[in-house]
Amino acid sequence: MFDSLTHGEDLFEILIEGANPYADGPLTEGERERLQTAGLAPEAVQALVIGRVVQGGRGVWALGAHELVLLGQRYKTSVDRVPRSEFSHIERETGRYGETLRLQTRQGRWAMYAVDAGRAAALVQQLSPA
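So the sequence shown is numbered by numbering that gives the first Met the number 0: it starts at 0 and just counts up by one.
Keep in mind that the hints are not guaranteed to be accurate.
Label pairs and their in silico Cβ distance ranges [what the hints assert, rightly or not]:
| id | residue 1 | residue 2 | range |
| --- | --- | --- | --- |
| 1 | Ala-110 | Ala-43 | 22 to 28 Å |
| 2 | Arg-95 | Gln-35 | 31 to 37 Å |
| 3 | Glu-28 | Pro-128 | 15 to 21 Å |
Keep in mind the hints are simulated off the structure, nothing from the lab. This one's a predicted model, so the numbers in the text were calculated from it and none came from an experiment. Idealized CB from N, CA, C, for every residue including glycine.
Using the sequences plus the hints, can you model the full thing?
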């Protein structure tokens, strides 16, 4: 119930639109600052996806040369860093509200839904073995 009150407007837009209207948008200033604090300058981002975290809010995955930085996965202001060497599997699936991404790493499983299809494809291509 609390989640609906906190994120209700964004979720309502996703339900009405059938897609996340923010998925192809820019990073917020706070997200840019958190990426820089994590050591990833916005201009060094190789792939970027914005979506929704289950039972959470907005989530961001930003891929750099050596790691994936995940914003908002555990709580609104969380920052997690996963080295590329720890990836074991990534998949993308088209769903009712956009793309769903699932990532398996040594640290655990990560997922996000309502992601822009083009951005999801670019991230999966970057992370898939050659």
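Going down the list of hints, with the structure as the test:
The hinted range of 22 to 28 Å is satisfied by Ala-110 and Ala-43, whose Cβ atoms lie roughly 25 Å apart. Arg-95 and Gln-35 have their C-beta atoms about 34 Å apart, which keeps the hinted 31 to 37 Å range intact. Taken as a hint, the range 15 to 21 Å is violated for the pair Glu-28 and Pro-128, whose Cβ atoms sit roughly 35 Å apart.
Hint 3 from the list above is the single one not met by this structure.
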